[in-house]
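There are 6 protein chains.
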Amino acid sequence: MATLGFVEYEDASPEVRAVFDDIMTTRKVDRVNNFWKAIAHDPATLKRTWESIKQIMAPGALDPLTKELIYVAVSVTNNCGYCIASHTAAARGRGMTDQMFKELQAVIGMANETNKMVTGYQVEIDEQFKTR
Amino acid sequence: MATLGFVEYEDASPEVRAVFDDIMTTRKVDRVNNFWKAIAHDPATLKRTWESIKQIMAPGALDPLTKELIYVAVSVTNNCGYCIASHTAAARGRGMTDQMFKELQAVIGMANETNKMVTGYQVEIDEQFKTR
Amino acid sequence: MATLGFVEYEDASPEVRAVFDDIMTTRKVDRVNNFWKAIAHDPATLKRTWESIKQIMAPGALDPLTKELIYVAVSVTNNCGYCIASHTAAARGRGMTDQMFKELQAVIGMANETNKMVTGYQVEIDEQFKTR
Amino acid sequence: MATLGFVEYEDASPEVRAVFDDIMTTRKVDRVNNFWKAIAHDPATLKRTWESIKQIMAPGALDPLTKELIYVAVSVTNNCGYCIASHTAAARGRGMTDQMFKELQAVIGMANETNKMVTGYQVEIDEQFKTR
Amino acid sequence: MATLGFVEYEDASPEVRAVFDDIMTTRKVDRVNNFWKAIAHDPATLKRTWESIKQIMAPGALDPLTKELIYVAVSVTNNCGYCIASHTAAARGRGMTDQMFKELQAVIGMANETNKMVTGYQVEIDEQFKTR
Amino acid sequence: MATLGFVEYEDASPEVRAVFDDIMTTRKVDRVNNFWKAIAHDPATLKRTWESIKQIMAPGALDPLTKELIYVAVSVTNNCGYCIASHTAAARGRGMTDQMFKELQAVIGMANETNKMVTGYQVEIDEQFKTR
Chain A
1 MATLGFVEYE
11 DASPEVRAVF
21 DDIMTTRKVD
31 RVNNFWKAIA
41 HDPATLKRTW
51 ESIKQIMAPG
61 ALDPLTKELI
71 YVAVSVTNNC
81 GYCIASHTAA
91 ARGRGMTDQM
101 FKELQAVIGM
111 ANETNKMVTG
121 YQVEIDEQFK
131 TR
Chain B
133 MATLGFVEYE
143 DASPEVRAVF
153 DDIMTTRKVD
163 RVNNFWKAIA
173 HDPATLKRTW
183 ESIKQIMAPG
193 ALDPLTKELI
203 YVAVSVTNNC
213 GYCIASHTAA
223 ARGRGMTDQM
233 FKELQAVIGM
243 ANETNKMVTG
253 YQVEIDEQFK
263 TR
Chain C
265 MATLGFVEYE
275 DASPEVRAVF
285 DDIMTTRKVD
295 RVNNFWKAIA
305 HDPATLKRTW
315 ESIKQIMAPG
325 ALDPLTKELI
335 YVAVSVTNNC
345 GYCIASHTAA
355 ARGRGMTDQM
365 FKELQAVIGM
375 ANETNKMVTG
385 YQVEIDEQFK
395 TR
Chain D
397 MATLGFVEYE
407 DASPEVRAVF
417 DDIMTTRKVD
427 RVNNFWKAIA
437 HDPATLKRTW
447 ESIKQIMAPG
457 ALDPLTKELI
467 YVAVSVTNNC
477 GYCIASHTAA
487 ARGRGMTDQM
497 FKELQAVIGM
507 ANETNKMVTG
517 YQVEIDEQFK
527 TR
Chain E
529 MATLGFVEYE
539 DASPEVRAVF
549 DDIMTTRKVD
559 RVNNFWKAIA
569 HDPATLKRTW
579 ESIKQIMAPG
589 ALDPLTKELI
599 YVAVSVTNNC
609 GYCIASHTAA
619 ARGRGMTDQM
629 FKELQAVIGM
639 ANETNKMVTG
649 YQVEIDEQFK
659 TR
Chain F
661 MATLGFVEYE
671 DASPEVRAVF
681 DDIMTTRKVD
691 RVNNFWKAIA
701 HDPATLKRTW
711 ESIKQIMAPG
721 ALDPLTKELI
731 YVAVSVTNNC
741 GYCIASHTAA
751 ARGRGMTDQM
761 FKELQAVIGM
771 ANETNKMVTG
781 YQVEIDEQFK
791 TR
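Protein chains in written order, with this note's numbering: chain A, 1 to 132; chain B, 133 to 264; chain C, 265 to 396; chain D, 397 to 528; chain E, 529 to 660; chain F, 661 to 792.
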């Protein structure tokens, strides 16, 4: 289940419920994912994490779908099963089509390959790419 | 420099030159990056890698800028200095603004954080996220 | 189960039994974990690994609980499910409270986030942090 | 230097200065590290990151030194050069002795080794370690 | 199962069947692994990936068994459960004995340990190891 | 240089010198690498690490060159610059030709790519690959 188990809405403190309510309202869903129920044992972390995500994933110069694609790319590279499952679903919810999914995975795979080829060949950074 | 050094255009075989030419034509640049010059010692790998990248990074259901952002996300997660430098430059070349860059980094950072929180709390995948 | 299966105590060679006995005596437990039973197919590796762990995890300038917390931090960052499960249990056995667990996870999550922000922004090391 | 360069105190907006001031006051130092100057181009991220770190790294059930040791363990496992340099210095500032440093590195090394042995031998989690 | 499910031979397009046939012929097996059935939803990726693997894993200066051992080493370091399971089986199919498996795992474990010790001690590269 | 600096032979204790001597004798070289000089501040770790490596890297069912190739594969996947530089040199010393190096890098790159594709497509392990 999870190391400390889940905090269910019915058993939650008002502080935790307020965060759960905001998650459900913001995301227009009627339940919160296991992740939130697992970390709710630490209300300060729950609040901080949710507020950070809410701020970061909001529409900005990058649209929410693009942000979810990036989230999936990180999760795949980190090999986080839970995160891949939940953010793939979230990306679909934001409009990711099957074709987008396939292209996303192709880019992730290729990037992981060339990342290691660059490293393995010990390639020095080109002058024009250096920050100064 | 690089483990085997660089293959410069002047010294390249016709086979390698053909790839270098295609890279420069496709990308509308007048030189190839160190990465290509480093792996050109292995012409089959050079050709295969370039053709794969050319196919994968072409416009599709995802536009080239989005693909570059994903490339950067993988490279940062893998901590590949060369790749971060070159793909950050490539993303800028495709229209990434400073604001987009900042949002990209914020998402990458957050994703890496929650990836580990999920893992550390040993959170089980929600039923509705499971593939079947 | 495990690639080569498990070596159970009853079937073990004297050499393997001696290590199993030392593990149980040192840790004051009456069975050895699957990890030890899995690598016992390679007695030299079993002995070397156990003796290294015994030496490294013994009380020193860092107490055993702190060492287990560090072990968990590495295991989470590496996304090793088995290791997270077993070392979280070991840390509890050494006195980790729920509150400590929560703070541990918060630090791990934050460290993973800022590690990637530093990398993504390509931040140069401050002069005063450099080794010389 | 850094992708977007550094925001120096003299050139900073009041919003950024307020964070820089709080960092210097909280840590009792008279300058901020490059990391903060690099991300200050994104004031919302600067503020959020600093407030999160301030909350997480404060004394709690785990003391500040232990938290820094955990930070180093994550940074080494992630191979983040900047982070290793800065958090090793921070840990020293909080009382890490040379002996503690050596034991820390030994545990990190061992944990990384056994993480991979467990994975490579495909060891199944012991029943008693499973969450339920 | 897999995000998009599997493409079974009976339901596959001629393009996908051609790749499946080539996999089965080349490997002298009568079915394709789940990996290929999962990515077959993207025929271009299926073809590109198979042709790359076929080229790379063919006998060369390194024999096929050595290549499989390297594949396992990467997969363990990346903690990819599927890949460890399938490439351990493939390595056995190419002649990996139990003794080779044990030595392989010992090297992988040790390499992961010293990789982190080098990093944690911030060791500078010896002059004679630098590329120039 | 390194966090604690280097222990040079002339300044080393008899205990450390004995290990340094054994390294030089075993490897038929007249100096020890920076790695050993960096960890020599912790004589117990120096001794344990050297003895483990000596045991693991000795000829066995796998020959020393194959073991070095595996070491490089892990180091590249972990993105450890020092380790890539030193073990690439060690592999050459054991007979790795340029052609072997290129094939090694191609396999490492491909393995990293497919590791992530498997993960991203959430592919379930085939029945016949499962341990039981």
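Keep in mind that the hints were calculated from the coordinates and are not lab data. As the structure is a prediction and not an experimental result, all values here were calculated from the model. It is possible that some hints are incorrect.
Within a straight-line C-alpha distance of at most 16 Å, the following computed EDC-like cross-link-like pairs (lysine to aspartate or glutamate) qualify [what the hints assert, rightly or not]: (1) B:Lys262 / F:Glu675; (2) C:Lys311 / C:Asp362; (3) A:Lys130 / C:Glu388; (4) F:Lys707 / F:Asp758; (5) E:Lys658 / A:Glu15; (6) D:Lys443 / D:Asp459.
The following residues of chain C were derived to be distant from chain A, with all beta-carbon distances above 10 Å [unchecked claim]: (7) Pro278; (8) Thr352; (9) Asp362; (10) Glu388; (11) Lys394.
Where is the CB? At the ideal position from N, CA and C, for every residue including glycine.
A quick look at each hint next to the structure:
Straight-line distance between C-alpha atoms of Lys262 (chain B) and Glu675 (chain F) comes to about 56 Å, which puts the hinted pair past the 16 Å bound. Simply put, Lys311 (chain C) and Asp362 (chain C) have alpha-carbon atoms about 34 Å apart, too far for the 16 Å limit, and the pair is violated. Distance check on the hinted pair: Lys130 (chain A) and Glu388 (chain C) sit about 11 Å apart at the alpha-carbon level, within 16 Å; holds. A threshold of 16 Å between alpha carbons decides the hint, and for Lys707 (chain F) with Asp758 (chain F) the separation of about 34 Å lies outside it, so the pair is violated.
With a C-alpha separation of about 56 Å, the suggested pairing of Lys658 (chain E) with Glu15 (chain A) is violated against the 16 Å cut-off. At roughly 24 Å between alpha-carbon atoms, Lys443 (chain D) and Asp459 (chain D) are farther apart than 16 Å, so this suggested pair is violated. Taking the minimum C-beta to C-beta distance to chain A, about 38 Å, the non-interface status of Pro278 (chain C) holds against the 10 Å cut. Its beta-carbon lying about 6 Å from the closest one in chain A, Thr352 (chain C) breaks the requirement of being farther than 10 Å from that chain.
Distance check for Asp362 (chain C) against chain A: the nearest CB is about 6 Å away, which does not clear 10 Å, and the non-interface claim fails. With a least CB separation of 8 Å from chain A, Glu388 (chain C) falls inside the 10 Å interface cut-off, contrary to its annotation. The Cβ of Lys394 (chain C) lies farther than 10 Å from every Cβ of chain A, with a closest approach of about 17 Å, so its non-interface assignment holds.
Going down the numbered hints, you'll see the structure goes against 1, 2, 4, 5, 6, 8, 9, 10, while the others check out.
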